[in-house]
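For this one, chain B is given, so just place chain D on it according to the hints.
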Amino acid sequence: MQITQHRNYFKIAFNAMASPCEILLFSDSHNLVKVVAKIAIDETKRFENKFSRYLYNNLCWQINRSEGKKVKIDLETFNLLEYANNLYQMSEKLFDITAGVLNKIWHFKKDAHPPSQSSIDELLPFIGFHQIDYAKKYFCMPKGMQVDFGGIGKEYIVDRVAQLITPICEPEEVSFLVNFGGDLVAKNFNSLHPAWHVGVENIESHRCSEKLINISQGAVATSGSTKRFFDYQGQRYAHILNPITGKPVMGAPRSVSVFAGNCSLAGGMSSLAQLQGKNAEIFLKNAEVEYLCYW
Amino acid sequence: MQLKKNLNVAEKLALATATLLGATAQAETVKDEWQFVGSILTYSEPDRVSALETIFTADKAFDDTAKLSYKIVLDSLTGASANGAIAQDDVQTFTRPSGNGQYIIQPQETPLDDTFKDTRAQFSVNWSDRLTEDSQYTIGTNLSREYDYQSIGISGELARDFDRKNTTLSIGLSYANDSVSPEGGRPLGFSSMVIDNGQFDDEQDYRNAFNATRISGDGSIDTTELLLGWTQIINRRMIMQMNYGYADVKGYLTDPFKVLSVIDSSATAKFYLYENRPESKKQHSFFALTKYHLNDSIIDFSYRYIDSDWDIKSHTLDLRWRLFAGKNSYWEPHVRYYQQSAADFYYPYFVEGTILPEFGSADYRIGEMDTYTIGLKYGFLIGDNRTEVRAEYYHQTPKSSSNEQVIITEDLNLYPSVDAFTLQFTYYFD
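Going line by line, the protein sequences match chains B and D. Using the working numbering, the letters of the first sequence map in sequence onto residues 1 to 295. Using the working numbering, the letters of the second sequence map in sequence onto residues 1 to 430.
No lab work stands behind these hints: they were computed from the structure. You may find that some hints are simply not true.
Derived Cβ-Cβ restraints for the label pairs, each shown as a range [stated by the list, open to error]:
1) B:Glu-92 <-> D:Phe-301: 45 to 55 Å
2) B:Ala-13 <-> D:Gln-232: 20 to 30 Å
3) D:Pro-333 <-> B:Gly-150: 51 to 61 Å
4) B:Pro-125 <-> D:Gly-38: 52 to 62 Å
5) D:Leu-228 <-> B:Asn-58: 27 to 37 Å
Idealized CB from N, CA, C, for every residue including glycine.
The shape of chain B in the complex, shown without the other chains (with noise of 0.2 Å):
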């Protein structure tokens, strides 16, 4: 962790969740500065050790390798499989928190190939998130399954930290910006703080490598391709993947970020765009959201 003064504002610098975190603070006070951090680091590794996919034994170890059993679960985690069962009914089964699985034969790198189509078979049975039994009290899922809260999870707890910080930041009137690689939350709490500049990561662009946005108040969240992708004979494949047909989502957006009043809402709102593939963009205009979208 890293506490960098700037000209009016102090930079928090982590490492979490598999990205660069940043928590940007206009105040003056090294303090309050140190309580900020120490709060959203500890929210955030504690997330990452229930969640990652990564870690031995935590929940989602358990809950991966319970093979066909109950496992106890707490109401954070019912809360979240909650979550991700709206984003699974709302894109009509297209955002499924289950289709990691295809990550095994899918590699989203230069000179790969698509996997042969006896491969994917084999793996859609163990797709879907309507095969999960779950309730406030335990989670059980059938054996060969796989779930992943990497895709809701860094958004939410972007929100939680935001949510965390504010009753310390409110009162002193100090204005904030959570950033964890590309995916953030404002606030403002002066009018007289300028907005900030956040460079939005988007593909290798001829024009501009990074798109610089002004933010104050809300939030933005990016979903795309913009490095984890490979062309073969002539088509790109990115690594948006369809769950239902187990291959990419052909013709998204390179990426597309949306702003919204929280994080996990502009997350899933990108996430679902890019699941409907070249139309993503008039799936964003219908839902009358902000956007900004690269193809």
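Frame of chain B; chain D shown alone:
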């Protein structure tokens, strides 16, 4: 078709996120709580030592970064241990280390001293805390007490993280002072064991002779150790660790209960000399460990090399493989191979009439040997609590020494092998 439905999708999702975030999932942190672990271990070498050990640890976390750990170990040992003398075709009589009484060893049996009975209590406390964002320190003290031995030690360690915590370097220093006060006093090195075969006029006569083989006061040992550590995260699945240690040990390093047989050319023991070891030892150790996470198992492999100016060089290879079976249990097979060369003053016996070396000991533990251990651990839950059961078998094969000078018949079995069984039960009260 699909697009019509999407008209209010943002609003629907906004409601879902409001539920998610409004629910303010309380962080269920386990801060500032005690954690207790209890363990019972039995160790047995058939016909030799058996031990029962209870271990209790208590950890308390403070402010997320600091931790206080207590550990209490209670041991009780009974049984017999090899006294260093070799087996004979005749009955052998030895004086007990205290000078009070004797023990008799049957023909062709390895002489074991059965006076061995002790209880040991050990207490240690450690405090660790973050020093800066990237560094951490640990300080601790250790006290151990048994009937004729006590030890007090202090230690400190400083660790610093580099490269976003992928690399950790550490330096540790420790110091311990031990004091040895065997019942009946410490024997004078290379003095001859006084055995009452009826040659003494009375008890006082025997006592005077016995006391002449004793040196006054308690033995004291000072141990200073330096430990340098390097831990490296290679990737999400793999961790490597390397340690270098240097130990400087000074003082009374002789084992007051061990003797050497002095034999004639027909391998008959004529008398016994108390052993005599150097008063200092300098030891270097090197340790490397790799931990690798596979999908459903963890492999843990380590190698240790120790070299000392006593010329004991040892290699240890240790492999553990933790295989997860279902969500809350695992099996962990364990194999260890250990090989050691003999100390330069290791002699299985002395030959009558030859010039004594400066130092000598027939303690099988400093002779050349190979050992292996095979074990299995099973981890599971009792209720919600972690539990482990471990069983291990250990076999030690001593090797013949180059310091042998007399042909000894095989039935006297100069280098008896040792077997040991360990059973351990551990319960996490959290």
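Evaluated hints:
no.: 1; hint: B:Glu-92 <-> D:Phe-301: 45 to 55 Å; result: 49 Å, holds
no.: 2; hint: B:Ala-13 <-> D:Gln-232: 20 to 30 Å; result: 23 Å, holds
no.: 3; hint: D:Pro-333 <-> B:Gly-150: 51 to 61 Å; result: 34 Å, violated
no.: 4; hint: B:Pro-125 <-> D:Gly-38: 52 to 62 Å; result: 45 Å, violated
no.: 5; hint: D:Leu-228 <-> B:Asn-58: 27 to 37 Å; result: 32 Å, holds
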